[in-house]
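Bring the two chains, given one by one in their own frames, into a single complex with the hints.
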Amino acid sequence: MKLTIEGVGKRYKGNFWGLKDFTLELGAGVLGLLGPNGAGKSTLMRILATITRPTEGRALWNGTDIVRSPDGLRAELGYLPQDFGVYPNLNAVEFLEYMAAVKGLDRAAAARRIEELLVLVNLTEARKRPLGGYSGGMKQRIGIAQALLNDPRLLIVDEPTVGLDPEERVRFRNLLSDLGGERIVILSTHIVSDVEAVANGIAMMDRGRLLAYAEPEELLRRVEGRVWEWVIPSAELPAARERWRISSTVRRADGVHARVVSEIPPAPGAVRVPPSLEDAYLAVLEGDRARAAAA
Amino acid sequence: MSQARVLWHLMRADFLERVRRYSFLLTLGLAVYLGYVVSVGQLKLWIDDSRGIYNSPWVGVVMAMVINSFLSIAGFYVVKGSVERDRRTGVGQILATTPMSKPLYTLGKMASNLAVLLAMVAVLAVMAFAAQLVAGEDTRLQMVKLLAPILVFCVPVMAIVAAFAVLFETLPGLRGGLGNIAWFFLWVGLMPASILTKGSWDLLGLGAVSADLYRQTALRYGVTKHSFVLGAMADERGSKIFHWDGMDWTPEILLSRLVWLGLAVGLALIAAVFFDRFDTARSSGRVRKPQAALPEPAEAVAGPAPAIHLHPLPEGARRFRFFDLLRAELRLLLKGQRWWWYAVALGLLIASIAAPIQSVRSVVLPLAWLWPILLWSALGTREARFATDGLVFSAARPLGRQLPAVWLSGVLLAVATGGAAVLRFALAGDWTGVGAWTVGALFIPTLALTLGVWSGSSKLFEIIFLVFWYLGPMQRVPALDYVGAVPAAVKAGMPLAYLAATALLMAAAVAGRKRQLARL
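Sequence lines, in order, name chains A and B.
Counting from 1, position 172 in the first sequence corresponds to residue 172 in the working numbering; the numbering is continuous, with no gaps.
Counting from 1, position 86 in the second sequence corresponds to residue 1086 in the working numbering; the numbering is continuous, with no gaps.
Isolated chain B (complex conformation) (with noise of 0.2 Å):
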């Protein structure tokens, strides 16, 4: 079989497999909000204070220009984790055996994510031309000039963000959610550099079509300084409306994107290199110890079997105390943490103590509420995640015993971590800090539990708690902020909303269990 007839079957049969699963439904859906919110009009682009009629060329460069902010992100949760399962499903074992070349793997995973990614840019392109007649400026289709943006700015960029997707998955340390999180602040930077250098790490195109439309807006307007804003404006009131004929395509700028398309296949090519090719042997998980099967210990083969006999358990033994549950679930929470781990926990709780109280609000309590992210995360999955799921719920009371003692042990983790915080803000009788930082304390874990249940993994709770966190307290927008960083948050009463929001997340959470225990 020729080595593109392997590669074929390698990225068809993984992108068969995800899109029979519900779970792309929901990422088409996505995709399909996403087209809404720009044929609405709630996602405009502008230049300044003007914008250009909705013509073919303008919706076709302000799609690609969303496709490439938005889906540079989602899309690599959305496709991280092919890798991962064929390690789970046992499937990697046996690709490992055949003659298949480890470049050759990644290159197929690569184009099976890249699959995926376009299938979601051609639904936003379907929904490009539904914005174009929505908005019925200029309802003259010009098929071209509409799908050009979105072919030469958007499939690089989904090729970069498919090759990355396999990177991380076969670097061990980013293989989890290091890499979520990693990833998220990668992309978090990538956003200014696009828009900054324009040239060589203009990876989302931004900077390209920025620079073409600053010259369309200074020969019309004669302004020299812009800004360029993809979002939605206030008041549209008094806004400039221009025409604008599409890109200047430069030889430079498609070169670029080739520069761009043959990096990511790079990228792909490097991940092979990292590969452990599914031996069990080369990769470190979070276990310290060998991951080699054991030996078997020298008794299981020599000297006769001891007799066997269990003793009966005495009257009472059968007791079911919560606080032993409890003192069970956060071991399982904090076991396999290193001490590196303790040593940052411990010195942002000296940081909250030492710091000035505002600084405390707004930054380290939020850094403290960020670092055992990767815990909560895996509140809800464990079972599904590690299959204990028949041992754990065949007991007595999994709803009633098992979930709240999974849930206080999140929040006894919030309280440890950031416990300085609340006795700073109760020594300054700080009683309104106190009470947005027991909101706070309340619906993280709860948030994670919830989504954990609801989804299986952790990767869901990591990045939305990312964006919360992101957003929040470290961009100071008011709704976001879950854990009183902002006084503006504080005064709008945020709080209560969290607290209310986290007793609805607690009944969903409930609800997503009782899902879990009748499906099984």
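So that you can see chain A by itself, here it is in the shape it has in the complex (with noise of 0.2 Å):
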């Protein structure tokens, strides 16, 4: 089970590119894509989904290239978008019954794999009621339900937790975590404690360039020894912000401790304190935006 993205790039209206030059190659586990609003994530997601051609490189799976012969994939694909609709006037066992149909499931597997899945989604008590009285997060998950329906090697899945309350949040990770053992699995969030719990690899991207691909230990050694935490004065926080690098806040009695990610101390108080991955992602982030600047 192999995925291998060469020098995928896509094009918009504009002569704008959302991803180029994009390289990886992806074997079971869980893949966190991390990178802010516009990187290039949905766009990656949406061409690997069979869904979006791209402009100029290949995407193959084993060995088939996705874009000449998307039905290999697709047949054992499980893809959820980051926007998606539902048929209102269906229940939860009759849109999944059409998903199957549509994915060439046979009925009587199809039946049996639909109430496992409404047991894992949490929605059996929902499931006769129709979609269109869904709230977000059983809409959500009823996405997340479809996706699985047929049991896919390559499963995409765009932003799966919005929407879901920190219970199902924690669910759907350890999910996640189960299933990457014996395919591949592309989760694409901002949410980067999702990814922390998750993802054996990480690629961080940041306009529609792969900026780091790395295992999150190996993500976090490149920002070792280089995380303060530093307690200021709330009225000093503003200053602060403009000279350091800094990852997070969190407002205690004594002041604002800060987490800076910085060669030097930023303060003869400052203590060194292990890296998190949001640090390592902003200090990638942010390195790659002064480069940029520079050049």
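Errors might be hidden in some of the hints.
[Unchecked claim] These stretches of chain A come out as covered by chain B in the derived footprint (C-beta under 8 Å, 3 or more residues):
| id | segment |
| --- | --- |
| 1 | 45-56 |
| 2 | 82-94 |
| 3 | 104-111 |
| 4 | 145-157 |
It should be emphasised that the hints constitute simulated quantities derived from the structure, not laboratory data.
Ideal Cβ placement from N, Cα and C applies to all residues, glycine included.
Okay, structure coming up:
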């Protein structure tokens, strides 16, 4: 099981490149795509989901070009787009039966799978209610269920935890971890903690380009010894933000505890702390932006 | 910000949003085509066998009548949808949280609708000049006399159309396809009412114009019984041409036009009463269960999460069966219909069995195949309308599997609703009727699918099919008889023509879906 992405790019109207020269090779496991809005994550995912055709480059699923022969991948693909709708007059079971038929699943196997999935996404109680009356989180869970219907070898989920309550988010993250062992899961989000929890490979993107691809441990090693915790009075925070790369702040009784990513301590009292993935993400992102500004 | 400024910005933003779409260019193209038809003399105004010389007043009044007769129906479908767009895009939710009042919103929407319609009228007014010059019968341009009928007769009509479009969008029952159909029948009634009543119900101005022209022709030719035709004459030889110096603008005419304008504003204000201010809890769409978000199931917040493990699919589970997909598409097509929909369909089936065979052919079958219009009109549009395209089109072979299943579900609906009629034809040994029926059963869903795929909206099919239905089987125009209701059409081989058209439409549907897949 292998997904190869070779120099893939997508140009939109006005000569705007949403994705440029993206190269990556993936095996079984969970890949977390991290990047700010407009980084090109959704474009990449839509290309890999055979929905959007790339302007340049190619993507291969087990050696087969997915643009020229998309159906081989489609039979093994589960896709949850960032924005999707449902048919409001159908209930959960009917909608999943419809999607199973579209995906070409045997009716009996689909029926068993649907029951299992409804338990999994916690919608057993609401299974007979029309989807038009579902909340945003419930619709998102139906989206997750349909993506898993055909037991996909490649699962692509774009911002899957949007609208989920904390408990459902944890359930879904556990599910992704479970699934990642025997298939390729590509998860896009800008919630770093989601990626931190499940991904064994992380691709950081900005302005349509791949900035870094590594295991989380490797990314953390890159900022090891460069993360500081610094307690400053609230009033001094704006000035500190202007001078230092602050990845997070927490207000406590003794002042604001700011995490700073820097080669040198921001102040004599600053304490070196173990880095988080969020620190690594910001370091990569801002490092790239600083290089771009200098160039 | 003053109320007038709010109104102006509401109208401006909505107008700009519309005119920057490609569809607006198509709309203007439609106006240009209508103007062209008048310019080249394919559409003329006749009083018995006489017409006016093509001077500015005559061209002005002809164009005004053409605008009022055709834009009053087409314009409604062009402008209806602006409230729905606010609903769909979520802009409405934002507007609802501002101090803007409901009457101001509906007035703003009406003003924006009117602006779009007047843009089309302006194009046609320019075309009127061209029409006079092309005719070359009297090339003296009299601006006021040419434009006055267009301004006096057309602006109130467009205002009424603009206001009705807003009113229909605020009434839950008329918001969708049912409203499109209702407007068609309202318009069908409006035409004769305008000519026959001459006074209070003369919205289109046809009554006022015909009365003026009758007086003129009565004075000239001494005729007392008249016919008033807006169309083409098969043979114009022997027709009389008279000089007409324009309308006698009486205070009654001008006052009645002002009343219509006032009525349009009144309709927009009535719309405000029904407007739900984008409160989804108040609106009642096709989903019968509560529209408001359901509470999360109890177990979502209580108790530990069950162990997460999905069993792998068994060998051979990934086995596509077309019948399963067809069944799913059929369910999608029929889901949400109320009991009375099936009751009427059943009633029409019974009528197909009980009525004389000639009535079945000319009335019952066309009615039975009009009844599912709102189901057929969803073909090819659902994926875009409900944003399921990303899910459906990422499955294997969307073109080779899902599209044929959608089409076949529409054909099966035609078979189910018109099945009793074909049985009658077969039992009577009317194999020509069986053939025409078969073509009809294939043509209607194919037309729906093609128009749905290309337009992305159910509106286009609803309008075009209604025109076909009204002019073909009902008004017995052979060229538009897709069902074999008119003997002359069958004799002229129209079923074969429609079979060929069905094949072309099918090819267009496939091409349209391919385009959709490439553009996702």
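Unsatisfied constraints (hint numbers, rising)
none
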